[in-house]
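Number of protein chains: 2
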Amino acid sequence: LNEADLIGTIERLLPAAPPDVLAGIGDDAAVVRIGDRLVLLSTDMLVEGVDFDRSTITARDLGYRAIAVNLSDIAAMGGSPRYCLVALGMPRDPDPAWFVELVSGMVEAAREHAVAIVGGDLSRAETVVLSVTATGESVPGGVVLRSGAKPGDRLVVTGRLGAAAGGLRLLAAGPREAARARSAGWGRDLLDAQCRPAARVAEGQVLARAGATAMIDVSDGLARDLGRVCAASAVGAIVRLDRLPLAPGLQDLLRLTGDDPLDLALHGGEDLELLATLPAAAVEPAAATLAERFGTPLTDIGEMRADPDARIVATSQDGAERPLAPAGWDHFGT
Amino acid sequence: LNEADLIGTIERLLPAAPPDVLAGIGDDAAVVRIGDRLVLLSTDMLVEGVDFDRSTITARDLGYRAIAVNLSDIAAMGGSPRYCLVALGMPRDPDPAWFVELVSGMVEAAREHAVAIVGGDLSRAETVVLSVTATGESVPGGVVLRSGAKPGDRLVVTGRLGAAAGGLRLLAAGPREAARARSAGWGRDLLDAQCRPAARVAEGQVLARAGATAMIDVSDGLARDLGRVCAASAVGAIVRLDRLPLAPGLQDLLRLTGDDPLDLALHGGEDLELLATLPAAAVEPAAATLAERFGTPLTDIGEMRADPDARIVATSQDGAERPLAPAGWDHFGT
Numbered sequence: 501l502n503e504a505d506l507i508g509t510i511e512r513l514l515p516a517a518p519p520d521v522l523a524g525i526g527d528d529a530a531v532v533r534i535g536d537r538l539v540l541l542s543t544d545m546l547v548e549g550v551d552f553d554r555s556t557i558t559a560r561d562l563g564y565r566a567i568a569v570n571l572s573d574i575a576a577m578g579g580s581p582r583y584c585l586v587a588l589g590m591p592r593d594p595d596p597a598w599f600v601e602l603v604s605g606m607v608e609a610a611r612e613h614a615v616a617i618v619g620g621d622l623s624r625a626e627t628v629v630l631s632v633t634a635t636g637e638s639v640p641g642g643v644v645l646r647s648g649a650k651p652g653d654r655l656v657v658t659g660r661l662g663a664a665a666g667g668l669r670l671l672a673a674g675p676r677e678a679a680r681a682r683s684a685g686w687g688r689d690l691l692d693a694q695c696r697p698a699a700r701v702a703e704g705q706v707l708a709r710a711g712a713t714a715m716i717d718v719s720d721g722l723a724r725d726l727g728r729v730c731a732a733s734a735v736g737a738i739v740r741l742d743r744l745p746l747a748p749g750l751q752d753l754l755r756l757t758g759d760d761p762l763d764l765a766l767h768g769g770e771d772l773e774l775l776a777t778l779p780a781a782a783v784e785p786a787a788a789t790l791a792e793r794f795g796t797p798l799t800d801i802g803e804m805r806a807d808p809d810a811r812i813v814a815t816s817q818d819g820a821e822r823p824l825a826p827a828g829w830d831h832f833g834t
Numbered sequence: 501l502n503e504a505d506l507i508g509t510i511e512r513l514l515p516a517a518p519p520d521v522l523a524g525i526g527d528d529a530a531v532v533r534i535g536d537r538l539v540l541l542s543t544d545m546l547v548e549g550v551d552f553d554r555s556t557i558t559a560r561d562l563g564y565r566a567i568a569v570n571l572s573d574i575a576a577m578g579g580s581p582r583y584c585l586v587a588l589g590m591p592r593d594p595d596p597a598w599f600v601e602l603v604s605g606m607v608e609a610a611r612e613h614a615v616a617i618v619g620g621d622l623s624r625a626e627t628v629v630l631s632v633t634a635t636g637e638s639v640p641g642g643v644v645l646r647s648g649a650k651p652g653d654r655l656v657v658t659g660r661l662g663a664a665a666g667g668l669r670l671l672a673a674g675p676r677e678a679a680r681a682r683s684a685g686w687g688r689d690l691l692d693a694q695c696r697p698a699a700r701v702a703e704g705q706v707l708a709r710a711g712a713t714a715m716i717d718v719s720d721g722l723a724r725d726l727g728r729v730c731a732a733s734a735v736g737a738i739v740r741l742d743r744l745p746l747a748p749g750l751q752d753l754l755r756l757t758g759d760d761p762l763d764l765a766l767h768g769g770e771d772l773e774l775l776a777t778l779p780a781a782a783v784e785p786a787a788a789t790l791a792e793r794f795g796t797p798l799t800d801i802g803e804m805r806a807d808p809d810a811r812i813v814a815t816s817q818d819g820a821e822r823p824l825a826p827a828g829w830d831h832f833g834t
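First to last, the sequence lines map onto chains A and B.
Numbered per my numbering, the first sequence spans residues 501 to 834.
Numbered per my numbering, the second sequence spans residues 501 to 834.
It cannot be assumed that every hint is accurate.
[Unchecked claim] Just so you have them, the derived chain A footprint on chain B, three or more residues with Cβ under 8 Å:
{"#": "1", "region": "535-548"}
{"#": "2", "region": "593-600"}
{"#": "3", "region": "622-634"}
{"#": "4", "region": "739-746"}
{"#": "5", "region": "783-797"}
[Unchecked claim] Quick partial rundown of chain B residues pointing at chain A, CB under 10 Å, derived from the structure:
{"#": "6", "residue": "Ala517"}
{"#": "7", "residue": "Asp520"}
{"#": "8", "residue": "Val521"}
{"#": "9", "residue": "Ala523"}
{"#": "10", "residue": "Gly524"}
{"#": "11", "residue": "Gly526"}
{"#": "12", "residue": "Asp527"}
{"#": "13", "residue": "Val603"}
{"#": "14", "residue": "Val607"}
{"#": "15", "residue": "Arg611"}
{"#": "16", "residue": "His613"}
{"#": "17", "residue": "Ala614"}
{"#": "18", "residue": "Leu756"}
{"#": "19", "residue": "Ala827"}
Keep in mind the hints are simulated off the structure, nothing from the lab.
Every value quoted in this text rests on a predicted model; they were computed, and no experiment measured them.
Ideal placement from N, C-alpha and C gives every residue a C-beta, glycine not left out.
Pulled out of the complex, with its shape left as it was, chain A reads as follows (with noise of 0.2 Å):
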């Protein structure tokens, strides 16, 4: 069982959404209805030794980072993140400086987003798990489900690919060579792209009202997030490899360790950029939104296509094209 099996247990097993829920499972978020608003719901749950390590993130950035996972999803629907729950299990007897980081760190994450964290829950646990929930609001442009990309659609994506999953193989080549790194400066922006990711919630509003007509964040990797969208869309997508915004420290990194910088921009994960599918004339107004107000790029790596089967063909400057496997990040995957 995979977590694409479990979801999908899941899913047959719940009774049919009420009118009022617009978007149930299968998105960044769900979209439900409450009096006049579209409020949008989203939880992620990070577990140490298998999504955070304790011995190479900080208290500060795994708190931080706990909160922006979850804003991400909001920015993901193009929402604007409003309140977040935060439940904590950890052992007893924490060290209390630990624990002060620990929240120090979400109440920065959430300060920066201007999301209150109005509640929680305590448990003891044998590791830390860091279960969290952010709920947000549609803004003007609307909801952005997964769902929308039509063929002739650009692909688009904000910021570097892989850098957050080069900061994870940075780290695991140990702490001596994470620290080199980071102080001769390539290093910096993978290390920070791992452990205080950033959620790119004001770029997906501004996205939403670009008229983005699908969005995810990718979360899992570049193919494997892209892969949900067409699956979520019924069509297919192409994909130039020689134009993805690779992370600028990862041929540094390729040095180091030999990790190729297009699979972890591909297969790696975790690197909170919006993916999103615009029509065509779109693109231009929107990326210059994106580099003046924030200074976040927005590349054009692709187009959707008629597929009824979903599939990702990948080119290389050869202009040869290459299936590419939605496969990337998979808690329960061998």
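Once you've looked at the hints, dock chain B against the given chain A.
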């Protein structure tokens, strides 16, 4: 650091809540204003080996309970639950039958209260962790906080106390004893209260309409949860121990394990009964409504009284007052 210390640390680090947050950390659920509605938000984490034992609770009961404990938090505000999100951590290669039963139990609990499960997250974890978030809406009668109890208010509780803790002790006595007690009848109520607790959702709404001034669910034992109401309301309480509605099976359990029924009721926790304060004139009509509509007893167990130090005293049949420490379940206590 016990649970209260940790929560205190969090409260100290959080910035002041924005005006749309009517109640934040420190109640059963947060209360936020979204558009024209008051929305309730609550989260609860259940950790294997701490909050449940997979060898003594079926997957279906575990799923049911994970949803019920969250709906109980909405019930304790007098609200109407609407949506749930489920974050689930579990070991790789979960038994498919176990997983189906787990989800089915969740669906069952959600269906009983017309709640939609709209999203979630799956993660790998060494042991099973279930983190559920519930949203709700206020209903006519308004939101009932912990902080509104007034001197002179009567103190009432729904259902029977000590059953869930009794069920836990019965499970600890061994599978053979638990099975025998179940088939003898008296064990069934205790085991069900532990494994398939009922969230008092409809009862909470009746109590809110009846004018409840404060309300909480008895998740950590009567003494501790009453202590929370007293502290939040800055009033004291007098509890008539001879009036406590002890779960009937506790007398049989006493003969088997020697566990004191009164101790289980006061300090055992997990009962999901509602503890409320009401103006005296409202008690009888509310009790009549609960009995008639749901067959749920409502018992008057004492009175709130002026005491800025929020102390609780208990009286027995002899009328003597003794202090009652607000002790009970604490995840981080010694």
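A quick look at each hint next to the structure:
1. 535-548: Since 11 is at least three, the answer is holds.
2. 593-600: holds (count 5)
3. 622-634: holds (count 9)
4. 739-746: violated (count 0)
5. 783-797: Coverage by chain A is violated for the region 783-797 of chain B (0 residues, Cβ < 8 Å).
6. Ala517: B/Ala517 check passes; min Cβ-Cβ to chain A is 6 Å, inside 10 Å.
7. Asp520: holds, 8 Å
8. Val521: holds, 5 Å
9. Ala523: Interface hint status for B/Ala523: holds (8 Å vs cutoff 10 Å).
10. Gly524: holds, 5 Å
11. Gly526: holds, 9 Å
12. Asp527: holds, 8 Å
13. Val603: holds, 5 Å
14. Val607: Result: holds, 6 Å to nearest chain A Cβ.
15. Arg611: Holds - the Cβ of B/Arg611 comes within 10 Å of chain A, reaching about 7 Å at its closest.
16. His613: violated, 13 Å
17. Ala614: holds, 8 Å
18. Leu756: violated, 28 Å
19. Ala827: Hint violated; B/Ala827 Cβ to chain A Cβ min 17 Å, cut 10 Å.
Violated hints, listed in ascending order, are 4, 5, 16, 18, 19; each of the other numbered hints is respected by the structure.
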